[in-house]
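Those protein sequence lines, which keep their order, are chains W, S, E and A. First residue of the first sequence? That's 60 in my numbering, and the numbers climb one at a time after it. First residue of the second sequence? That's 60 in my numbering, and the numbers climb one at a time after it. First residue of the third sequence? That's 4 in my numbering, and the numbers climb one at a time after it. First residue of the fourth sequence? That's 4 in my numbering, and the numbers climb one at a time after it.
What the hints contain is simulated information worked out from the structure, not anything from laboratory work. Glycine residues also receive a C-beta, built at the ideal position from the N, C-alpha and C atoms. The reader is advised that the hints may include incorrect statements.
Simulated restraints, written as ranges between beta carbons of each label pair [as the list claims (entries may be wrong)]: (1) W:Arg208 <-> S:Thr142: 41 to 47 Å; (2) E:Ile13 <-> S:Pro309: 23 to 29 Å; (3) S:Pro309 <-> E:Arg21: 52 to 58 Å; (4) A:Arg106 <-> S:Pro330: 42 to 48 Å; (5) S:Pro330 <-> A:Ala96: 58 to 64 Å; (6) A:Ala47 <-> W:Gly129: 58 to 64 Å; (7) E:Ala137 <-> A:Ala171: 40 to 46 Å; (8) E:Arg292 <-> S:Thr237: 45 to 51 Å; (9) A:Gly333 <-> E:Arg292: 39 to 45 Å; (10) A:Gly123 <-> S:Thr267: 48 to 54 Å; (11) A:Asp100 <-> S:Arg149: 46 to 52 Å; (12) A:Pro332 <-> E:Arg292: 34 to 40 Å.
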Amino acid sequence: MAPTQFIARVTANRRLTGGYFILELSGQPTDGGGSVAAAEPGQFVMLRGEWGRELLNPRAFSVLHVDPDGCFSVMLKAYGRGTTRMKALRPDDSMTVTGPLGRPFPGPRPGVAQILVAGGVGLPPLHFQARRAHALGVATQLELYYGGRDRDDLVLLDDFAGWDVRHVLATEDGSAGTKGFVTVPLAGRVADARARGEAIELLACGPTPMLAAVRKLALEHDVDAWLCLEEQMACGFGVCLGCAVPVHGPQPYRYCCTDGPVFTAKEVRWP
Amino acid sequence: MAPTQFIARVTANRRLTGGYFILELSGQPTDGGGSVAAAEPGQFVMLRGEWGRELLNPRAFSVLHVDPDGCFSVMLKAYGRGTTRMKALRPDDSMTVTGPLGRPFPGPRPGVAQILVAGGVGLPPLHFQARRAHALGVATQLELYYGGRDRDDLVLLDDFAGWDVRHVLATEDGSAGTKGFVTVPLAGRVADARARGEAIELLACGPTPMLAAVRKLALEHDVDAWLCLEEQMACGFGVCLGCAVPVHGPQPYRYCCTDGPVFTAKEVRWP
Amino acid sequence: MTALPRTVPISPDVVDLRCSFASLPLRHPVLAASGCFAYGQQFADFLDLRALAGLSTKGISPRPRPGNPLPRICETASGMLNSIGLENVGAAAFLRDKLPMLRAQGISVWVNFFGEDFAGYVECARLLDAGAGAGIDVLEMNISCPNIKKGGIEFGTVPEVAHRLTRACVEATRIPIVVKLTPNVADIVEMARAVKEAGAAGVSLINTLTGMAIDVRTRMPRIATTYGGLSGPAIKPVALRMVHQVARAVPDLPICGMGGIVSGEDALEFLMAGAACVQVGTANFARPRAALEVLAELRALMAELGIATVGEATGCLRAIPPEAPWEPPGN
Amino acid sequence: MTALPRTVPISPDVVDLRCSFASLPLRHPVLAASGCFAYGQQFADFLDLRALAGLSTKGISPRPRPGNPLPRICETASGMLNSIGLENVGAAAFLRDKLPMLRAQGISVWVNFFGEDFAGYVECARLLDAGAGAGIDVLEMNISCPNIKKGGIEFGTVPEVAHRLTRACVEATRIPIVVKLTPNVADIVEMARAVKEAGAAGVSLINTLTGMAIDVRTRMPRIATTYGGLSGPAIKPVALRMVHQVARAVPDLPICGMGGIVSGEDALEFLMAGAACVQVGTANFARPRAALEVLAELRALMAELGIATVGEATGCLRAIPPEAPWEPPGN
Ligand SMILES: Cc1cc2nc3c(=O)[nH]c(=O)nc-3n(C[C@H](O)[C@H](O)[C@H](O)COP(=O)(O)OP(=O)(O)OC[C@H]3O[C@@H](n4cnc5c(N)ncnc54)[C@H](O)[C@@H]3O)c2cc1C
Ligand SMILES: Cc1cc2nc3c(=O)[nH]c(=O)nc-3n(C[C@H](O)[C@H](O)[C@H](O)COP(=O)(O)OP(=O)(O)OC[C@H]3O[C@@H](n4cnc5c(N)ncnc54)[C@H](O)[C@@H]3O)c2cc1C
Ligand SMILES: Cc1cc2nc3c(=O)[nH]c(=O)nc-3n(C[C@H](O)[C@H](O)[C@H](O)COP(=O)(O)O)c2cc1C
Ligand SMILES: Cc1cc2nc3c(=O)[nH]c(=O)nc-3n(C[C@H](O)[C@H](O)[C@H](O)COP(=O)(O)O)c2cc1C
Ligand code: FES
Ligand code: FES
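Same shape as in the complex, but just chain W (with noise of 0.2 Å):
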């Protein structure tokens, strides 16, 4: 579906721990065009809020939740300049949303489990990945692998529970599950898992080394991986040529925005 800009409204601001907030926000394209709500596992929306002159590029955000009536949310935590400011939105405040953008992540397939691999503000694309294969009775086919500092920077675990969805957790402090980096547990897993014969794939979102981390195990182990990255970007939709993935292939780079977010293990140029 075609993207769409349009002025959308901030509906709540909800805190949750570890300084992560969901944003919920309401607004369809006027002009008939396509809206968020059609958006899948994996694709995002630009926002940009009333920023002035200061701050001229949107921000690029995973798809947390779509509502059929054009309400949709995103989670997010206050780093730099735009996020900081996104954090202080208030309910009316408005938006401007460019969406739903990129490619999503494959739907669970028969037979085969989906291990995601989440991590900080990498959560989102994976948490709306179970809640869309809970809605369609397959949930029990996904299996979450979480890592974070601490207990507080593990968030929505409920949400996970209440679609049965399996969940391992890692925290690096170990107040929560094991203690160190989940690609630990997770490597055992895909080891065990290729001894048994057992089908697996792996969809990852997070930090970049638990990202390469997930690549690694996925060539080693000739496993399918799709990664979600996190480019810079000025436009979102193709034009500005700022989110270059390095790629292996007929050309050197793909694109974050249309080619991506979501890229298979593979192709991903790395080190």
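Chain W is fixed; fit chains S, E and A with the ligands onto it per the hints.
For chains S, E and A with the ligands alone, kept in the frame of chain W given last:
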């Protein structure tokens, strides 16, 4: 008293007619320096909101009113980028204040009628002057000549009435007072006073064409007049040299922020 | 101390935005800038391309070029840095895959082009001419590539070199050549003069200022090539100054102005400084309809100020009247 | 795709901010910039001047100068334009009325100076030397006056002219000369080299970019001299680029960096680009304590990033590691 800089809290943002609004602020320097409470009519403050890096410099506003407890207020209108943002301020928002700055209007002298000439956002220092005179029991020495585009453009009239300050109004559309510029009835008043040998002086603040007319009148009739000028300011405390005012005298320029904003009609070097 | 000119507002409907650049008629003065509009297609999702006066394509080279390593962009205060690396599909693919759609819109098609060396520029002009002829309205020659490595810098900064390059390209094509100058020079006027004398039909002012940003946490530059091109509202004052300088000093050289235009007021500033038309660049990223919004605001503002035509706006700048004379006392 | 360097935070108390510029010891690397701090007095209302590393005075000429007509300043996106006109009290009054107070603070006193022509520069250096000698730590020679009318532009844009002028001033005084360069050039490195070879003890980078703004309602420039100097965060990317270019290409030339510094992070970017110390300019207008706030933020940030000394910060910039090689398929 030396100026200070401190953070103040917005306590109210009251709408008046004509697009004007009054911003009430509360705050004191924490280092025991001078406070805005000591400001006199004609002095001003530099105000800056949380404007990030797009708008660098604070904006100048005449003090409208001070409380001994450190509350003070300014009256303004949304013109450009700074004042438009200020219009949206809500209680508990914060502003950085520098002040009190500049040199005030002269106080009323026995036996001399002080004629206040106001237009637009030039009202605040004259309103302050009248309030002060009322507190000192000399308000009957004052008269107000107040001009605007229309009836809504004339605000806070009840205050002057309450202080027993006689006022003559003029509007460009005739919806209040005489029709036309207020400098027309003022010219009659000045000529009449000169003819009768009455001692008068003029204190004016408003749009530049109004000040130019007041100056001309004062020079023609050899009446003392003080003009409160508005120049573009970056600092407000005499260091950027941006707010030059062309004057007659030993130097071609004096500075609106430190030598003014109140200048005599005689010294100003206007065509 | 100076009063506004007494202006009589007019109806937006009677504002006549038609104008021309060199001998080229334009429906109105707002185009989209090179590198900020790709080859146009993606924008069709957001607007009717035919509503634009025209657009300048992403810079085309004789052969396709991959781009630079990442990161390629970052934001700065009221601006952004980019180092895309002049990635493009190459002249042949452009002519085959991109141009027909643009031509079909009936708008002014400016093809931005460059070469990796002197011969490459001439070759590119020749290829585009041969492949399109009348299908291209302007060849916008980008001699300001901060991202080409060797020699490239001199094309845009040494008047004699720019002159020679311009002349060679002018002779290689029947399409009017508009030279896009870099602001990274001490004297923009001598550059404009040099390319005019070489036969340029006009100049585009300005390309990006060269800049840098550092991520103190990684201790690395924020873009992979260390330096990149600064665009956006931050550079508008520099762009306006250069447009004004050239308009003053080189009167018969049409100028297409750009650099930080995000509103109709910005566009009007450029016209008043002396530009015949303008391009909207970076603003397209945040608002794909930016050029049309600028146009609508321009029309409304001209109406409010009683400016009926683009010609009235261009170069209507008045000098600030002199102050009353000062005499030292005692004279 | 690159991880942060694993940094071990340290206590702000152990961050050692002492540094030096050329042979001049500085208590820390944050000074106030010329024209943005007047002669210092007014700031005593807001801060203890002794907490600064030093300051650069408003530019001094041999004789007093009145300023330019008004308006002299206006704001632009993340920047401001000024055309003050190098108004100053003149060398004699400066030495008599201003310098003693500054000297009494025990901070590094940089006297920014200029002349209206070649001889005026030399005369000014001589006057300041004769009147103050050891009381002035640095003569910061401003060869980048956009506001001087004739000839002045060449001092800052033609390397040979800058060389000759610098040499003449260096020979006229025992005080180290630091040359303040204009960014309005195509090649800042050749300018830096030229003044270094002429005996400059260092360079200050950068002065303002020349810019313009138009009030579309009055149809007049927003400042009386039409063009003015652009300062503030808008120009930071250009300033950082020039500091980095000069630090790379002219290794033994100390650089004082400036241009848009409003935070400790900005200051650290300049140090990482290669500056030995920095000046805070425009930020002083909105926040008279800006230089001290920048200093406090710089200390906290260095502690957070485990950078113990200014020397460790200066030039610690790392290159972005190269990408994995790409090979076209089928090779
Ligand atoms: C497809 C896509 C989907 C995304 N989805 C989400 C999402 O669902 N939730 C979310 O919070 N963010 C998401 N992001 C990241 C988000 O776009 C960035 O966090 C945002 O650009 C930061 O904007 P800012 O203005 O706050 O930071 P800026 O001021 O632009 O940047 C400040 C600094 O922080 C660094 N930085 C930015 N983001 C991160 C980060 N995530 N981790 C570490 N350093 C960072 C930048 O490199 C920069 O150095 C997504 C990005 C992409 C490309
Ligand atoms: C000593 C002093 C006292 C002042 N007292 C008051 C006061 O009490 N109340 C008040 O509202 N203002 C007052 N002003 C004016 C106020 O500082 C300006 O309105 C303010 O700078 C405008 O800021 P802005 O960011 O909204 O406009 P900007 O975005 O900075 O400017 C936008 C444009 O509007 C023009 N402009 C700005 N102000 C006016 C104006 N008043 N009339 C017409 N055009 C204007 C500017 O020249 C500019 O072209 C005072 C100014 C001075 C110097
Ligand atoms: C991402 C990006 C890519 C650009 N690519 C080109 C290009 O290929 N050729 C060119 O002449 N200018 C290019 N430019 C410069 C713009 O066309 C324009 O001159 C400049 O950005 C200033 O205008 P703006 O501030 O409106 O963006 C590019 C600018 C940006 C931001
Ligand atoms: C109002 C004003 C006056 C200035 N006067 C001088 C001057 O007299 N001499 C000089 O070398 N630089 C002068 N400058 C330039 C600053 O010292 C500094 O180089 C420039 O503003 C960039 O730094 P900033 O962005 O921090 O302001 C002046 C700048 C401003 C804004
Ligand atoms: S973000 Fe602009 S091309 Fe991808
Ligand atoms: S406003 Fe800076 S000197 Fe007056």
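Unmet hints by their number, sorted upward, for this structure:
2, 5, 7 and 10
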